[in-house]
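Enquirer: Starting from the known structure of chain Z, fit chains V and L onto it as the hints suggest.
In order, the protein sequence lines correspond to chains Z, V and L. So for the first sequence, the working numbering puts the first residue at 1; every next one is plus one. So for the second sequence, the working numbering puts the first residue at 1; every next one is plus one. So for the third sequence, the working numbering puts the first residue at 1; every next one is plus one.
To be clear, the hints were calculated from the coordinates, so they are not data collected in a lab. The beta carbon of each residue, even a glycine, is placed where N, CA and C say it ideally should be. There could be a bad hint or two in this list.
Said to hold, decoys possible - Taking lysine to aspartate or glutamate and the EDC-like style, the derived pairs with C-alpha atoms no more than 16 Å apart in a straight line are:
(1) K18/V with D2/V
(2) K11/V with E32/V
(3) K6/V with E71/V
(4) K150/V with D351/L
(5) K82/V with D266/L
(6) K36/Z with D266/L
(7) K196/V with E220/V
(8) K176/L with D266/Z
(9) K262/Z with D305/L
(10) K177/L with D87/Z
(11) K86/V with D266/L
(12) K260/L with E71/V
(13) K262/Z with D87/Z
(14) K276/L with D266/L
(15) K8/V with E71/V
(16) K112/V with D351/L
Claimed, not checked - Derived DEER-like restraints, expressed as beta-carbon distance ranges:
(17) E79/V with R267/L: 21 to 27 Å
(18) I147/L with R202/V: 42 to 48 Å
(19) S205/Z with D108/L: 50 to 56 Å
(20) S81/V with C212/L: 51 to 57 Å
(21) G184/Z with I172/L: 43 to 49 Å
(22) K268/L with P310/V: 44 to 50 Å
(23) G184/Z with I205/L: 55 to 61 Å
(24) V293/V with R211/Z: 27 to 33 Å
(25) G162/Z with K78/L: 27 to 33 Å
(26) D87/Z with L349/L: 43 to 49 Å
(27) P59/V with C212/L: 53 to 59 Å
Said to hold, decoys possible - Just a sample of chain L residues kept apart from chain Z, beta carbon distances all over 12 Å, derived:
(28) Y138
(29) L183
(30) I187
(31) I200
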Amino acid sequence: MEQIKNHTRLNNFIVKNLLITIKNLDNILYQLRQNKLSILGLIMISFFVIIALFGPYFVPYAQDAMTTSVENRLLPPSSEHFFGTDDLGRDVFTRVILGAGVSLKIGIIAISITMFIGISLGAIAGYFGGWIDEIIMRITDIFLAFPNLLLAMAIAAALKPGLTSAMLAISLTWWPWYTRLVRGQTLQLKNQPFVYASKSMGANSLYIIVRHILPNCIGPVIVNASLDMGYIILAAASLGFIGVGAQPPTPEWGLMVSTGRKFFLDSSWMAIFPGMAIFFTVLGFNLLGDGLRDIFDPQSRLR
Amino acid sequence: MDKLLKVKNLKTHFKTRKGIVKAVDGISFELEKGEVLGIAGETGSGKSVAAKSIMRILPSNTAFSKADCLELEGQNLLELSKSDLKNIWGKKIAIIFQNPFSYINPLFSIGKQMSDVISFHEKINKKEALKIASEMLHLVGMPNPKSILKYYPHELSGGMIQRVMIAMSLSCKPALLIADEPTTALDVTVQAQILKLLNDLRDKTSGIILITHNLAIILEICNAIAVMYAGKLLEKGCVEDVIYKPSHPYTQGLLQAIPKLDGQEGKLKYVPGNIPSALNPPDGCRFSPRCPVSLPCCNHREPVLTEISPRHFVACHRVTRS
Amino acid sequence: MKYPLFEYFLLFIQGERMNVLAYIRRRLFFLILVLFGLSIITFTLTKIVPVDPTVIWSGDRASKEVIQKIRIDFGLDKSVPMQYYLYVSNLLKGNMGKSFTTKHFVIDDVKQFFPATLELVIFAWLFALFIGIPVGIYSAVKSNTQIDHIGRFFSLSGVSLPLFWLGLLLQILFFKKLGWFPLQGRIGTTTAIFHPLQSITGLYILDSLFTCNWIALKDALWHISLPAITLAFSAIALVTRMTRSCMLEILSKEYITMEKAYGLPDRKIYFVYALKNALVPIITIVALAIGNNFLGAILVETVFDWPGLGRYAVRSILAADFAPVMGVTLIIGTIYVFLNLLVDILYALIDPRITLFKKTK
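Okay, chain Z solo, but in the shape it has when bound (with noise of 0.2 Å):
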């Protein structure tokens, strides 16, 4: 009997917390209406993931991708070639294009990794709190005790040169701030009456953590995220400029920068526009961030 009326007080507590967070949703996009420039930010994103995802299809030299046209080399920009040509005769404006799709890919799967390894290890050490928070939590502070960026450099240095290396150096240094945020939710909620009625359920510490406390520390991870993504592809486009990020002849903003910097003085057009376009990608992202920040965590001050 007990059972049962613990199960039915839980599902009225998920039923209860779905249907706060639906009206929550209409008071959000509210609230996001309200904020011109999260707006803006929000129409940049959009129009960069549009560009990212369908741009390929689009493009009007899209075999510069891979071949290079040497006759056509270092034309400033003209109606045919709208950022002009670089060193190699590739159109500038289909390989700032091309950029976008992998910036995007750079930025999710990093972002992704980022999370996995931060929500675990955070969850892990907020349920289970003793030594394994603590060794946890000493690890962390000694990965948060290097300049992060700095780290991901010498990380992606030591790997082999490339896109996946970029990445996996990135999230290696931006998981520590996600097991902090995870940690600290999970430490709140681990004394909820849900979970101990779940427990008394029988449930193991596995269906708890996966089913009742990620759920909830959603909201701030997601705020973080959108946050970080604009950060994450400027950290992977200075990584690309350094060399030790995406290698030619891949289209990478920042390594098209660094490639476009031996011309600059005659042939600006080839380091400007990927440049620009990092600069508004990581701006949409923080106008967007920022209104979202506004409105779930107005202590929050990092960044």
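Expert: Just chains V and L, lined up with the frame of chain Z:
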């Protein structure tokens, strides 16, 4: 006799996303020199807003105050510019709030905060300001005033901080002291001490307005009382008249709700219902939805404050009819 | 009374002795733990590097004996824990290996390049703090007005800018189009030859001031302008944003209302009272930002050919020379750790509620 404070038809509205909140909707009262006025009312009745409106410290981009008359010692407070207001705040009107710890800056020592206020208003240097500060601390009953000056707020207890706040407010000898629920956050023994302190220091200012929801406190130290409800005054007069001969049904209900030690056993009497929304106040008397003895006209026509005996005003149709 | 060694060790850690040194000693204990962690990370990285150092150092046609000798020199014939022990003991002696691009010891290269980076970072951050904090305060005070919205947009843009792109843009604008500033480097070659700068601190600006070498001073300032502005851009944007949000939070606190109700002048309230309250979170963020800015410094040094640690590290990376990269990472990491310790001490100095030591009333 020259009145200390004249308030006539004070209204304060807040502009919010959902509409205009009429927190204070036309209150009038006068304060004589040497008088202690208690403004009583439930949470949400608008009494704190009224106090802040008199002092004009509400943010000007959201709050709009207007009145037919708002004069302190003959000076019209409504016409003052921002810099003029800076001169009267602390010097002519002072205010102390409910939660002492929130209202004092935790990173600066007591001495620094007190001496800054004193030296700004009295235009003296820091050393003399500290001397005055230490005298004020002694006046409010702090042990070891000189060493207290070096302490930080987190090293003192709530009661002591409230004394410090009282000392700070009175240090420039303001004409009017407003105390907004000064004892609500303190425990009962400390409450009694602070009330006694306020009573003892009455000669340091020309008048005190005490805002509280606790009628017992008003009985302790006030001479006059005004009962506020939903932004309007329902009854006002001398404490003896209002407390011992309450005329308005709301006042009667409030007094009935005070548990008495020597009373009979039984269920606690209370005034049922809730304060009406300040966005859309009801027509007619604001209290009529909860009034046990309301008349049909109470829902349409708003009662005005009428004098039923010398200096005792009530806003109630039933009372004025009889 | 003589404590047994172990109890003394525990007391040492717990900081039972009531003085500031005890606190610092306790923090240093954890700091050393963190530094060990750092060294483990860098050691692991050196091990997973796909390039075999013996091949690099021995060249293409080295004989077996030479290769074997190099292996023994590097300690590669020993077990991994032993290698780690050797690694750490070398580090403690200050030996971070040798760079095969410059053929110097890494520590010597670091000593040579460090002042340039230091000068750049200090210059940029002076800009950042002196501009960022007042603008942030102003933005908070006038929040939600047109000025504030514009300011927020600018600071968001500043944080979104890729520093390497900004540097390039500034070079195109100020060097190529306008010719106002030099393209790169730290000091002009003519100045270096005809008005050589005596090196006292390694910071050109200070050295030229001390030796009254005005031509060198002007040249050094001229050269540092563009790199410093570039690096400062994101720093200013970040500091402005952080100051604004911290100040906003403080300004909504009740004690600020109270201070206003006492009639205290606005400027005093904002710049003395509110600022001190906002300082703790601001310092935290500034420390974090300086950490993030290290990569920015690397990018700026690369773009402007500034002879600092960043350029050294990037050149080594491109040449697959890993000892310098690890060395630079370790050095900067260690500095960052000590910076955070400094920040903790500053907290205790600013906020009297945080006690370094137990006070007796």
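Enquirer: Looking back at the numbered hints, which does the structure fail to meet, lowest number first?
Expert: Hint check: 1, 2, 6, 10, 12, 23, 24, 26 and 29 fail, others pass.
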